[in-house]
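Participant: Below are the chains, spelled out letter by letter.
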Amino acid sequence: MDINLMIDITPLLVEAAWVTVDISARALFFGFFIASALVALRTSRIPPVRWLARAYISVVRGTPYFVQLLLIFYGGPAIGLRLDPFTCGVVVGAFNIGAYMSEAMRGAIESVDSGQNEASRSLGFGRLATLQHIIMPQAAPLMIRSIGVLAIILVKNSSLVSIISVVELTYQAQRLIGSTYKPLEVFMLSALMYIVIIYAVMGIVEFLYRRATRYTFL
Amino acid sequence: MEFDFSPVIDYWPTLLQGVGVTLLIGVAVAVFSVIGGQIVAVITLYTRKVVNWPLRFFIWLFMTTPLLLQLYFLYFGIGEWILIPAIVVGVLGLGFHYMAYNADIFIATIKSVSSGQYEASRSLGFGHLRTLLYIIVPQAFYRALPQLSNNMIIMVKDISVLSAIGIGEMVYASQYAISVTFRPFEFYITIAAIYYLINLMMEAGQTWIERRAAYRS
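Taken in sequence, the protein lines are chains A and B.
full-length UniProt numbering applies: residue 1 is where the first sequence begins, and numbers increase by one.
full-length UniProt numbering applies: residue 1 is where the second sequence begins, and numbers increase by one.
So that you can see chain B by itself, here it is in the shape it has in the complex (with noise of 0.2 Å):
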């Protein structure tokens, strides 16, 4: 039982190139999963049933089953009929996940949104879409913050999951290293120490974001 970090030092590069793919998917993800999810609740509360239950229909589907699962079958399944690459699999597979979970969350903050509101906006002149743009959306996104970040944090823990699909992120990069170096646990332990370390950053960020939100609304 003895430890030799050498080995994670050498292979630091490829580490370091696997964390900087763990951060642009987080960014990716995040932002696509915050607008999609804003854009199918708004689809979701204000359409008819005929275009808003489908929606419902996949947003309860991609709560209710796992990530991995999904991953799979957008990887290996859509596969057999057309080819994407992997990280395209990834981004999306994750994007969708979590934009199932960021709509869920808006669908309700925006109902909470007294109803109000949007009467006082409509007899301001303002139309139907700009109400909600204008009105119900920006204080419906204030109030979802705290849960937002939450979201957020969650999901880029999840990222480690793309490995399974060989996208090249942090446990990938380490899993190679791992292949020639034979040190799986000094690599994981420094996986997980980095991952910590993003984590109280964004622990952090989602302080100062809820002070401001709490200011905003």
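Looking at chain A on its own, in the form it has when it is part of the complex (with noise of 0.2 Å):
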């Protein structure tokens, strides 16, 4: 064990490691309104717009992200589509979690008595308030806890956009160890910085979860 080594090279897994934080902070961001948006479509009074919704996530679920990336990233040109590296990290990875996103908001909205729904409108809330008012905050608990589960897949995800030369966190990783011939240090300094995201994204979860349930008795 090179402890010196360890120490000259935390800085350089630091700042990768924001990078890794930053891009998917932003596919989270981008990825909420675009499952919000899914859902929305998927619930549309519009056969065909439903439809369409439903095969964009099929198609996003049943293809690796990994794939998409690649066909974004050098296929895109093809169709007019040139991205930089962290672009087209940040939205392949907004739109591949919005797919699997938009399912989980559906399963939590779903899981809410349809009761609920009916006696809200039975009072004349609109379909919007009655989302705002009556859905959502029932729906809010269970929503987290999934959305936290597929932030974590998007972290350990986005070690993907290394492929694609974004200076992440498995990118600096990998050229360290090529660079140090010491894999056993890097790989521990690397997978400790993951496990640091990682349990700052569940005691995010968790934060929240518990703001979302103070009023309820379980």
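Rather than coming from a laboratory, the hints here were simulated on the basis of the structure.
Note that beta-carbon positions come from the ideal geometry of N, C-alpha and C, so glycine has one too.
Zero decoy hints are in this set.
Quick partial rundown of chain A residues pointing at chain B, CB under 8 Å, derived from the structure: (1) Gly75; (2) Ala78; (3) Tyr181.
EDC-like, lysine to aspartate or glutamate: derived pairs with alpha carbons at most 20 Å apart: (4) Lys182/A / Asp2/A; (5) Lys49/B / Asp104/B; (6) Lys182/A / Asp8/A; (7) Lys157/B / Glu103/A; (8) Lys157/B / Glu203/B; (9) Lys182/A / Glu80/B.
Dock the two chains into a complex; use the hints.
Facilitator: Structure (structure tokens):
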């Protein structure tokens, strides 16, 4: 074990870990809006819109994230889509996680008893008001948990953008293994950073979950 | 912006070979990770802390770090000390990764089999190991099947990542073809379509397995 080397490479890895956090956070942020839009489209009154949303979700979930990344990054220019690696990582990550997240959101919304919706509507709430004041508060705890799981998957998936040469944690780790010939030390440090990131995400999820269930007796 | 799929047809044999490699790796990893996961789960639950804590640690480590990092460590890292062929690293890396996920599921389902089953079996004269082997594990296995098949569907998609360490599966095969024909869009969209097809078939299989599992348990 080479402690000096580990101290030397820590700043490099911390910097790279920050890129991992950055790319995942942005993808999660945009993914949330894509997911919300997909949920809205899936419950649309026009059948073709519903089918389109379902087809999109099915295709995105049925193909590897890695292939989607390569398709957009290397194949994108052929359809006039030129993205720099970082943006490409965020965009593909967001569209990918959006499909998964829309399923999680739909599941959470459907888990709320349909009587709640009917009661609220018959009391004069509109569709949106019902969603906002009646359904969402009840669906939120489950939704937060499942989005938390997806956020962790997103962080781990972000290692794949190293293939399109974004200098994030896995890219840096691979480069350092190549230049220092000390794989164990580099692996331990970079694994530790992923673990710290993932536990931070879990902590945030737990905090939000407790806030969402503040007034609920379970 | 014009598409030309004729290179894809020209390189169809190469791609098909990649599909074959992908499927072979998928079967190997599925068998390895399910059987291994089951063994790891039983050992984790029924042995002393000296034995099961390291195992728990490895399950945790495999689940909290990305697959690609693990593959790089195994391929470039272990390669410093002993030389292993890429394909072995790939199958073992992917296998251990999903073994951890499967073990995690098995641990939960073994715990969910009621302790009354264990006691009844012991009082009927089965030994400890026989009880585990004939009574507990089969029940736990059927309960685990839905989540297990889910894991395997995710696993097949992760085989594409193995191209990063130079294993000749679909993506790697197409990368070779792309480097000659400069048609990335057409090739990657074909790969995506093949994966989607595999995925649809696996989902159909999953529905079938779940029906059978519901019948057995």
